[in-house]
Amino acid sequence: MQIPISEIKGIRIGQTENKDAATGCTVFISDNGMRAGLDVRGGGPASRDSQLLNPLMAAQFVHAIVLGGGSAFGLGAAGGVMSYLEERDIGFDVGVTKVPLVVQSDIFDLTVGDKSVRPDFDMGYEAARLAFEAPNYKDGNFGGGTGATVGKYCGMETCMKTGIGSYAVRIGELEIGAVVVLNALGDVFDHKTGKKVAGLLNPDKNGFRSTVELMKESTAVVQNKFTGNTTIGIIMTNAYFEKASLCKIAGMAHDGFARSINPVHTSADGDSIYAVSLGDVSADQDVVGTLAAEVMSEAILSAVNNADSAYGFPSARDLSI
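113 is the number of the first residue of the sequence shown in the numbering used here; add one for each residue after it.
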């Protein structure tokens, strides 16, 4: 049964954005800390403290995960999240104080709006505050998905607007959901039908071109593919898993990327997926990993279907292709 992402207990979600500058961030917070894993498949990630999620590292919990814009410039948003959590006495107890453990991954959206404006301390603080005081998660042109676009192999002139999307299900006691910021170099497909739903447009913007077929026309080195890429997401479940299993589940969730985005995991993408455990429901790791891929593919469709045209880039809902 499909459920709203907000029904998954144990996590708070807040997001904020600067619509004029086309950037923002989305924050996921667990008051008591959450077990988390990470799998990075893209070649150009922008991240903060990702090594905390290595199963060999001592920390068993993190307190917040940030999905943001601004590329590496936007990683400062985590500082604002830390500050807000410190005020609430949330963090890892080191004796003299509590240190909130906050990890972050960002998309490259600097070519969409104002490149000088990025998620910063204040934006992170506000997103964390909203997560507690006025949870405001929405799919579409919000939070980390404010400046998201897809289909950029030929540059920004023929790409499409996407955003942030979510999807969650309940099967018996098990709950699992995904949130994704869809900002891929490649094209996007409905994983159930194979139909292209977003991606590289033709010069007249009245039809699609195939990124993969265009790649085949020339194998010459492309000098700069970094026109604004990276898809990042998070899998949330109430099942109990340790870090090593969560890293595996995050890896299996990348199958959802591969079913829906082509090409994917390129050197110009920083594709990254977190997986977090929020409860104590007993479930098989491989079953949860398989479901993770499914809900991720559905979240990708939501990121396409709920986006509005903005910043001169058309969305799927405004094109009849």
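Please note that a few of the clues may not be correct.
[What the hints assert, rightly or not] In silico DSSO-like pairs for lysine-lysine, Cα to Cα no more than 27 Å straight-line:
1. Lys-308 x Lys-250
2. Lys-360 x Lys-328
3. Lys-304 x Lys-360
4. Lys-210 x Lys-227
5. Lys-307 x Lys-328
6. Lys-210 x Lys-250
7. Lys-250 x Lys-121
8. Lys-317 x Lys-328
9. Lys-304 x Lys-328
10. Lys-131 x Lys-317
11. Lys-210 x Lys-131
12. Lys-131 x Lys-304
13. Lys-328 x Lys-250
14. Lys-121 x Lys-227
15. Lys-304 x Lys-317
16. Lys-121 x Lys-360
17. Lys-307 x Lys-317
18. Lys-210 x Lys-121
[As the list claims (entries may be wrong)] Label pairs and their in silico Cβ distance ranges:
19. Gln-397 x Leu-168: 17 to 23 Å
20. Glu-198 x Leu-168: 25 to 31 Å
21. Lys-210 x Asp-398: 42 to 48 Å
22. Ser-195 x Met-327: 24 to 30 Å
23. Thr-402 x Arg-200: 53 to 59 Å
24. Val-399 x Asp-201: 35 to 41 Å
25. Val-208 x Asp-430: 52 to 58 Å
Hint data in this document are derived by calculation from the structure and do not stem from the laboratory. Glycine is no exception: its CB is placed at the ideal position from the N, C-alpha and C atoms.
Okay, the hints, checked on the actual structure:
no. : hint                          : result
1   : Lys-308 x Lys-250             : holds (24 Å)
2   : Lys-360 x Lys-328             : violated (33 Å)
3   : Lys-304 x Lys-360             : holds (24 Å)
4   : Lys-210 x Lys-227             : violated (34 Å)
5   : Lys-307 x Lys-328             : holds (20 Å)
6   : Lys-210 x Lys-250             : violated (31 Å)
7   : Lys-250 x Lys-121             : holds (17 Å)
8   : Lys-317 x Lys-328             : holds (21 Å)
9   : Lys-304 x Lys-328             : holds (26 Å)
10  : Lys-131 x Lys-317             : holds (24 Å)
11  : Lys-210 x Lys-131             : violated (34 Å)
12  : Lys-131 x Lys-304             : violated (32 Å)
13  : Lys-328 x Lys-250             : violated (38 Å)
14  : Lys-121 x Lys-227             : violated (36 Å)
15  : Lys-304 x Lys-317             : holds (25 Å)
16  : Lys-121 x Lys-360             : holds (22 Å)
17  : Lys-307 x Lys-317             : holds (18 Å)
18  : Lys-210 x Lys-121             : holds (24 Å)
19  : Gln-397 x Leu-168: 17 to 23 Å : holds (19 Å)
20  : Glu-198 x Leu-168: 25 to 31 Å : holds (27 Å)
21  : Lys-210 x Asp-398: 42 to 48 Å : violated (36 Å)
22  : Ser-195 x Met-327: 24 to 30 Å : violated (44 Å)
23  : Thr-402 x Arg-200: 53 to 59 Å : violated (36 Å)
24  : Val-399 x Asp-201: 35 to 41 Å : holds (37 Å)
25  : Val-208 x Asp-430: 52 to 58 Å : holds (55 Å)
Checked against the numbered hints listed earlier, the structure breaks hints 2, 4, 6, 11, 12, 13, 14, 21, 22 and 23; every other hint is satisfied.
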